[in-house]
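*Asks:* Here is how the chains run, residue by residue.
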Amino acid sequence: MTADIPTSQTGTRRPVAGTGGLPIRWRMLMPLFVALLLVDAFPLAYAGIASVQRFLLSGTDLSRPFVGLDNYMAFLSSEAFLNAARNTAVLSVSVVTIETVIAFALAFLLTLPNLRFRSLYLLVVMVPLLLSPVAVGLSWRLILHPDLGVLNWVIGLAGVPKLAWLGDVDLALPTIIAVDVWHETSILILMFYAGLSALPHEPIEAAKVDGASGWQSLRLITVPLMVPIIVVAVLIRLVSAVKTYDLIYILTRGGPGTSTETISYLIWRTGLAGPLDIGQAAAGSIILLLVIVGLTMLLLRATDRLATAA
Amino acid sequence: MHQPSHGRTAGRGGIRRLLGAGMVVVFLVGACGTGGNGTAAPTGGDKPYAGTTLHMLMEDLTETHYIADLLPDLEAKTGIKVEFEQVPYSNMYEKLVPQLSGPEKSGSYDAVAVDYYWPGEFARSGWMLPLDDLIARDATDLSGIVPAFFDVNGKVDGKTYYVPYFPYPMGIVYRKDLDIQIPSTMEEYVAYTKSLKKGDFYGAAMQGAPTDPIAMEWLNFLFANGGDLYAADLKTPTVNNEIGLKALNQYLDMIDNAAQTGAAGANLDDASNTFAQGKAATMVTYVTIFAGFFQDPESSSVVDKWDVAPMPGTGQGNVGVWSFGIPKSSKNPEAAWEFIKWVTAEDVSRQRSLKGGSPAYSSFYSDPEILAKFPYLTKALDILKSGKGLPLITKQQDLVATLGRELSEAASKRKSPQAALDAIAEKLAELAAEG
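Taken in order, these protein sequences are the chains called A and E.
Every letter in the first sequence is one number past the one before it in my numbering, and letter 136, counting from 1, is 136.
Every letter in the second sequence is one number past the one before it in my numbering, and letter 64, counting from 1, is 64.
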């Protein structure tokens, strides 16, 4: 290895003899490229090929003829897709909006000067972040059990009749949103807390000297300074919300009916839980990927713009 | 939880037509057989499989626990160790398919437990090893097992791919201590259960969650009303005729007005817990698999307070069978066959039945020692004789998934009952056309 190290004294970056002329920075990145090739590029290419084939996992005819964009058309034109897309949009926008508001409020409170037990609060707030979605889903399934769950017992003390949190078509999606908010708000709190802690004190102090109220200071100084972080955090959270699958799988299996099916869940059941139609499931995955790539580009563009503005 | 684990607690599977009237004869003929394939020691030495470990995916339910308890016997006889990966029913199919569809000898599971709506798909997709040559080679005597079970979940297109190890007839469990009397017609049963619902006590514990729970439960309503999924030609869907609609309306009426809160989102575990907690008068369910759950004081407050009855109306319930088979992806097919011979042998099967297992051997239904412990087996036998199952189409899992999803759409009022049944009929026609 030592022979490969460039002459750092002069700061020049030149290829070293015997290494094929590849700069060391590229050579050091090679393991990453290989890993990406294996875990990202290959599966992606495979999914892309599968999406244009008639690819059934089971049956008497397992041939895989090329079918063009038939799988895409079938997936996009199905009633199930429209339903899942609607549910995904409602779920994503709801959880991101609610989580952002709650997370910012809590993060702001956590950064108040002279706050006692700050570490304890932070620890409690971070607990959901440490749990896997499956554990969260199973725990909440017990809490929400209509007959045996603690939630109905608690509201029963107040005289409220038992509710079928996951079995009522009007309650199931809002309940999933609530569970998601409980689980995922932590990550946003963490981001906002870090952002708020790093804000310069001078503008806020100056505003205070000028007689600004706490609310004015928050609205006119803190929030505008936090916008870059909020935008990035929201987009990161939105990308993950669009992919929601695990909570649905554990809590409702898409039910009642198909009232809580998301696109990810629909892809799963198309490919592995019914028709075993890998071709159509792959097409659905590519479509979802394109949506996520679009959101990611939005994220990158927003980050660049904000960085430039800063 | 232990006993009834997720999904439903017994399987269903693929079939021919299941125990119909013709099968009653077959069943009774089988009942006269003595059965017993014994646990013949493997050839080629005392323990030729010493050091061999079989990996299997099993549903987490009592029957699996009974087998697990007996595994030291297999190891003592053959040297084979068996490791069960126990999961809820709802996770089984999705874990099996990727393993079974892989190249030969590349899978994680050496033998597989197969539910009654998987055998056609698994065998016709070329995933399973035919067992006929192995049965002939070892002169394995399977004649004591109810022959009809092989039609349900054993033979596909004339070849034997699976050996049945326990049936699961569906009927009604009810609280005999409360003097519950199951009426003779479905109309009366629906009205009766509705009248029994008072406060936190329900007329029926129900499982309306998609997809397997609601599908398996509703099939009993369909069969009890004299309906079926297909006409006799097994091609023309009849599920959406007036009988189907009547059966679905009855089911929805009970979900809304007789069952526990949240029944439309409840699975078998939820419903079983409701019944075990003493909060329901009746439950349409797998009547032979609850000995270890409803009779366990730690999990049940209805110990010795329940009994079994067939469905009202025609008396016909949904009947399935679990079987063992060997996938082509098995790394140890010979040792897997030794396991299957051992676990389905008459002596081991009898030990399972004495623990509370659901008997696959016809003679066990008249075995005084077994009946003394589990007297409801006499009634279970009646249900087995008259029961129905699913048609042996290739994509049986897809059929059940569609059935469950559409029924759940109706239960959640997102579709009218007729629209849901029409959607099911459309899918049934498509699946029948595919074979």
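One thing to keep in mind: the hints can contain errors.
[As the list claims (entries may be wrong)] Ranges of calculated distance between the beta carbons of each label pair, as one might list FRET restraints: (1) Pro65/A - Leu234/E: 24 to 30 Å; (2) Thr185/E - Val293/A: 56 to 62 Å; (3) Pro72/E - Pro43/A: 26 to 32 Å; (4) Leu218/A - Lys95/E: 25 to 31 Å.
Think of the hints as simulated: they come from the structure by calculation, not from any bench.
Note that beta-carbon positions come from the ideal geometry of N, C-alpha and C, so glycine has one too.
*Asks:* Run every hint past the structure and note whether it holds.
*Replies:* Okay, the hints, checked on the actual structure:
no. : hint                            : verdict
1   : Pro65/A - Leu234/E: 24 to 30 Å  : holds (29 Å)
2   : Thr185/E - Val293/A: 56 to 62 Å : holds (59 Å)
3   : Pro72/E - Pro43/A: 26 to 32 Å   : violated (43 Å)
4   : Leu218/A - Lys95/E: 25 to 31 Å  : violated (51 Å)
Hint check: violations occur at hints 3, 4; the rest are consistent with the structure.
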